[in-house]
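Place chain B on chain A using the hints.
Here the protein sequences line up with chains A and B, keeping their order.
Sequential numbering from -19 applies to the first sequence in my numbering.
Sequential numbering from 7 applies to the second sequence in my numbering.
Some hints here could point you the wrong way.
From the structure, some residues in chain A lie toward chain B, with a derived Cβ separation under 7 Å [unchecked claim]:
| # | residue |
| --- | --- |
| 1 | 61 |
| 2 | 88 |
| 3 | 406 |
Restraint-style ranges between C-beta atoms, simulated for each label pair [stated by the list, open to error]:
| # | chain 1 | residue 1 | chain 2 | residue 2 | range |
| --- | --- | --- | --- | --- | --- |
| 4 | A | 273 | B | 197 | 54 to 64 Å |
| 5 | B | 45 | A | 258 | 58 to 68 Å |
| 6 | B | 197 | A | 134 | 51 to 61 Å |
Only pairs whose alpha carbons sit at most 20 Å apart, straight line, appear in this in silico SDA-like list of lysine to any residue [as the list claims (entries may be wrong)]:
| # | chain 1 | residue 1 | chain 2 | residue 2 |
| --- | --- | --- | --- | --- |
| 7 | A | 46 | A | 312 |
| 8 | A | 67 | B | 183 |
| 9 | A | 274 | B | 183 |
Hint data in this document are derived by calculation from the structure and do not stem from the laboratory.
Here a beta-carbon is modelled for each residue, glycine too, at the ideal position from N, C-alpha and C.
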Amino acid sequence: MKMKLTTLALGAVMAAGPVMADLVFPSLSYRTGPYAAGGIPFADGYADYFTLLNERDGGIGGVKTKLIECETGYNTEKGVECYESTKGQGALVYQPLSTGITYQLIPKVTADNIPLHTMGYGRTSAANGEVFSHVFNYPGNYWNGASGVVNYLLEETGGDLKGKKISLVYHNSAYGKEPIRTLEELSKKHGFELVLLPVDHPGQEQKSQWLQVRRDRPDFVVMWGWGVMNQVAIQEAANIRFPMENFIGVWWSGAEHDVLSAGAKANGYKAVTFHNVGRDFPVFDDIQTHVVDKGLAAGAGDQIGNVLYNRGMYAAMLAAEAAKTAQEIHGTAEITPAMMRDGMEALSIDEAKMTALGMPNFGPAFNVSCENHGGPGLVGVTQWNAESKTWSLISDFKATDAEVIGALIDEDSGAYASENNITPRCK
Amino acid sequence: MFYREAGDFKVSYQEDSQTFPIKFDRFRYYVVMAVAFGLIPFLINDYWANAILLPFLIYSIAAIGLNILVGYAGQVSLGTGGFMAVGAYACYKLMTAFPEVSMFIHVILAGGITGLVCVLFGLPSLRIKGFYLAVATLAAQFFLVWLFNRVPWFYNYSASGQINAPERDTFGIIITGPNASAWATYLFCLIFLTFCALVARNLTRGTVGRSWMAIRDMDIAAEIIGVNPLKSKLTAFAVSGFFIGVSGALFFAIYLGAVEVGEAFGITKSFLVLFMVIIGGLGSIFGSFAGAAFLVLLPVLLKVVGVDVLGWPTDIVAHFQLVIVGALIMFFLIVEPHGLAQLWRVAKEKLRLWPFPH
Chain A
-19 MKMKLTTLAL GAVMAAGPVM ADLVFPSLSY RTGPYAAGGI PFADGYADYF TLLNERDGGI
41 GGVKTKLIEC ETGYNTEKGV ECYESTKGQG ALVYQPLSTG ITYQLIPKVT ADNIPLHTMG
101 YGRTSAANGE VFSHVFNYPG NYWNGASGVV NYLLEETGGD LKGKKISLVY HNSAYGKEPI
161 RTLEELSKKH GFELVLLPVD HPGQEQKSQW LQVRRDRPDF VVMWGWGVMN QVAIQEAANI
221 RFPMENFIGV WWSGAEHDVL SAGAKANGYK AVTFHNVGRD FPVFDDIQTH VVDKGLAAGA
281 GDQIGNVLYN RGMYAAMLAA EAAKTAQEIH GTAEITPAMM RDGMEALSID EAKMTALGMP
341 NFGPAFNVSC ENHGGPGLVG VTQWNAESKT WSLISDFKAT DAEVIGALID EDSGAYASEN
401 NITPRCK
Chain B
7 MFYREAGDFK VSYQEDSQTF PIKFDRFRYY VVMAVAFGLI PFLINDYWAN AILLPFLIYS
67 IAAIGLNILV GYAGQVSLGT GGFMAVGAYA CYKLMTAFPE VSMFIHVILA GGITGLVCVL
127 FGLPSLRIKG FYLAVATLAA QFFLVWLFNR VPWFYNYSAS GQINAPERDT FGIIITGPNA
187 SAWATYLFCL IFLTFCALVA RNLTRGTVGR SWMAIRDMDI AAEIIGVNPL KSKLTAFAVS
247 GFFIGVSGAL FFAIYLGAVE VGEAFGITKS FLVLFMVIIG GLGSIFGSFA GAAFLVLLPV
307 LLKVVGVDVL GWPTDIVAHF QLVIVGALIM FFLIVEPHGL AQLWRVAKEK LRLWPFPH
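So here's chain A without its partners, still in its complex pose:
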């Protein structure tokens, strides 16, 4: 054991040699395990965008970016190890792509003064910047997603959900439980009945849940799934001949690999989204020439334009823009994590900026402020076409029920603040 410790010490010392000159972006990715199908395209998109910045623009503000990848396997213990091993290397912002790891990192990053960006996942009430100084979840969160789903269903049914039955099939974890509170509030408000159907990790066994769907005959099924659970659910829905156009997933349950395995039977499946889909954006041509053709792609280069690849790239773009903002605010190219936080809080994305970056109409325009770390929360709906094997946007980005969500965010963040003795910091 002593020997092992010594070798380890050697390894750690060799590993910890800091290279402070670069802008370090850690990527806590997962390319193995039951959630790898979603983790790989996201990590590829995240990595490729930073490679693009290095190759095309020479980094951000003249400073090269450096991506440190660390495999978490969607496991919280490995997530802690990854966080501890990368934070000493000047990590500017963490994006763990796991709600479980996010919950763990929220107090840690706040103590270590490093920002955390959980785009469309994590703790929803972190949108309240008064309480969560270092956590950001712009441009949309789970509760926006839940409300977006309900709004869309309202549209579909002509504004009346009274007496309708909606089943929620969810991953039985912090991630899957997150929307329940909002959906309960909304069911009171709109008078629909909500049935909860938890699916345990990793979600390969869903026979009983779908048997219950068959028995209950809900009007709509909403899914909060991730990883292998999505494929299984869509397959099971097809098996009981549940009409796919009444089956709608959150943005983590709406990628190509989720629907491809069910083949033609998945046609018409829907999912909400907070960014655009497809590969018709100039930025992808740049990635093709500067990254993939040069052989620098993080993955095989075949994921470009996939929903989760786009999302990873979008996350990287927002991080890079925040870094640029931080460089402008502090007048130095070599920013620290604390400066990065200021940059994220002052981030402003508008259509002109997105067009200049080669992503016209890719996501919403928004401004982050000290109070609002959550962005506008605009939600669109996409639908799967099994014949052309593409997702297409069928409902444009629309506002969600701010009244219900705002109250819930105040309540939950207030509870966190009183538990941890946090006083509102924005004046």
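Below, chain B without anything else, positioned relative to chain A:
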């Protein structure tokens, strides 16, 4: 040569029955303790504490606990993950209900509560044995995880079903939460590990331990010579539950800070701790340490070597980790079915005869 009994004269019964009868062993033990308590706290940083030493210390406690049950008393248990969850949730409820009480007391109480739960699930062991008992404890595993997921009282009605450790201290030193310093958390766990190891060592060589081993070796014969199976089986479950509960409480409060029962205390955790015990060596305290070190430190070591030193892609390294750890487990079990502890015993035996083996 230097590793031998000769010349080390014992003048009292206490000396004669001490844990390390050989002088060299004794000094090695003192040195390890001195380094662990006197040196490491001054050198430790966040990475070493949170990524390497805390999981090692905490899993060692869990492995000692399970070793008492499986290795000493011969009662197979697959419920370790569930029992760790009991420790964690008990600690959470105590921490939030009595914020001003010292963490030491919370952790010990959490261990006690787990001990009681463990006895409850140990009751079937009086009637069923072997594989059937393993299945009964498996039921405990699934039931407990389901319970903590299902009943919101256990997680104080939080929206996500997660439990988060608030900041708590002991003697004015912050032990839990993000502001706890590395040395404090390390020492806190080390104190518990030392305490548990000493208690386990002394229990297993006393009356209680001998009755456990008698039950393990042949329960009918043990009953005939006057060992009470009810008492010895249930004490084994109680003591084992206490240790596992302590490790669960530390795992949640000190190490992770936020857990979700299905992910942190699932069936994989039960298997992990059971593998530690089997690889380390059944019925050996040292084996518990060796097994925990093997399964906690080796993956980290492989990751550091693969990703940071060799610069390989992270997914390849993660896959290699599984392959290498799996292959090593098979290798050790084929070469030495009695675990790492037996290798250590053989090495000591050889050393004792060295340099004249005949």
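Here's how the hints hold up against the structure:
At a threshold of 7 Å, the smallest CB-CB gap from residue 61 (chain A) to chain B is about 4 Å, leaving the interface hint in force. Annotation: residue 88 (chain A) was flagged as interfacial toward chain B, and the flag holds, the nearest CB pair being 5 Å apart, inside 7 Å. A cut of 7 Å between beta carbons decides the hint on residue 406 (chain A): the least distance to chain B is about 21 Å, and the hint is violated. The hint said 54 to 64 Å for the Cβ distance between residue 273 (chain A) and residue 197 (chain B), and at roughly 59 Å that hint holds.
Evaluation of the 58 to 68 Å hint for residue 45 (chain B) and residue 258 (chain A) yields a pass: the beta carbon distance comes to about 59 Å. Distance hint check: the CB atoms of residue 197 (chain B) and residue 134 (chain A) are about 58 Å apart, consistent with the given range 51 to 61 Å. Distance hint between residue 46 (chain A) and residue 312 (chain A) is fulfilled; the C-alpha atoms sit about 18 Å from each other, no more than 20 Å. At most 20 Å may separate the alpha-carbon atoms for a hinted pair to count; residue 67 (chain A) and residue 183 (chain B) meet this at roughly 17 Å.
Pair hint residue 274 (chain A) plus residue 183 (chain B) does not hold up; C-alpha atoms about 46 Å apart against a cutoff of 20 Å.
Consistency with the previously given hints fails for numbers 3 and 9, ordered from lowest to highest.
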